[in-house]
Amino acid sequence: MNLKDITAKEILPGLHGKLIHGDALSWAFWEVEAGAIVPEHHHIHEQIMHVVTGQFEFSLNGESKTYVAGDVVVIPSNVPHGGKAITPCKLMDVFTPVREDYK
Numbered sequence: 001m002n003l004k005d006i007t008a009k010e011i012l013p014g015l016h017g018k019l020i021h022g023d024a025l026s027w028a029f030w031e032v033e034a035g036a037i038v039p040e041h042h043h044i045h046e047q048i049m050h051v052v053t054g055q056f057e058f059s060l061n062g063e064s065k066t067y068v069a070g071d072v073v074v075i076p077s078n079v080p081h082g083g084k085a086i087t088p089c090k091l092m093d094v095f096t097p098v099r100e101d102y103k
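Okay, so the sequence shown: first residue is 1 according to UniProt numbering, each after it adds one.
In short, the hints are calculated from the structure, not lab data. Not one of these hints is a red herring.
For lysine to aspartate or glutamate, the following EDC-like pairs were computed, each having C-alpha atoms within a straight-line distance of at most 16 Å: (1) K90 / E33; (2) K9 / E31; (3) K90 / D71; (4) K18 / E31; (5) K18 / D93; (6) K18 / D101; (7) K84 / E63; (8) K9 / D101; (9) K18 / E33; (10) K84 / E31; (11) K84 / E33; (12) K103 / D23; (13) K18 / E100; (14) K4 / E31; (15) K9 / E100; (16) K90 / E10; (17) K65 / E40; (18) K84 / E40; (19) K103 / E10; (20) K84 / E57; (21) K90 / E57.
Generate the whole structure from the sequences, applying the supplied hints.
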């Protein structure tokens, strides 16, 4: 499989993802338009976010910080989080268990 062969899905306005699912995890490759907002939410999944390019303002459990290329954030299960793209961004997320809602 190659990422170029996977069709991106617009999960939220301005948030386009290519998603790969294994038996126990989901891996998301996001292209995020500047200004796109991920509203605060929480889920049962443990998540790790990696900023590949750009600047992404991210709030975790009420604390906000701007993350840049190379930054990694570990998001525990059921902890409120959300964000906004300050610039166009490329992000990667890994979720466990599988994000059935992204299939």
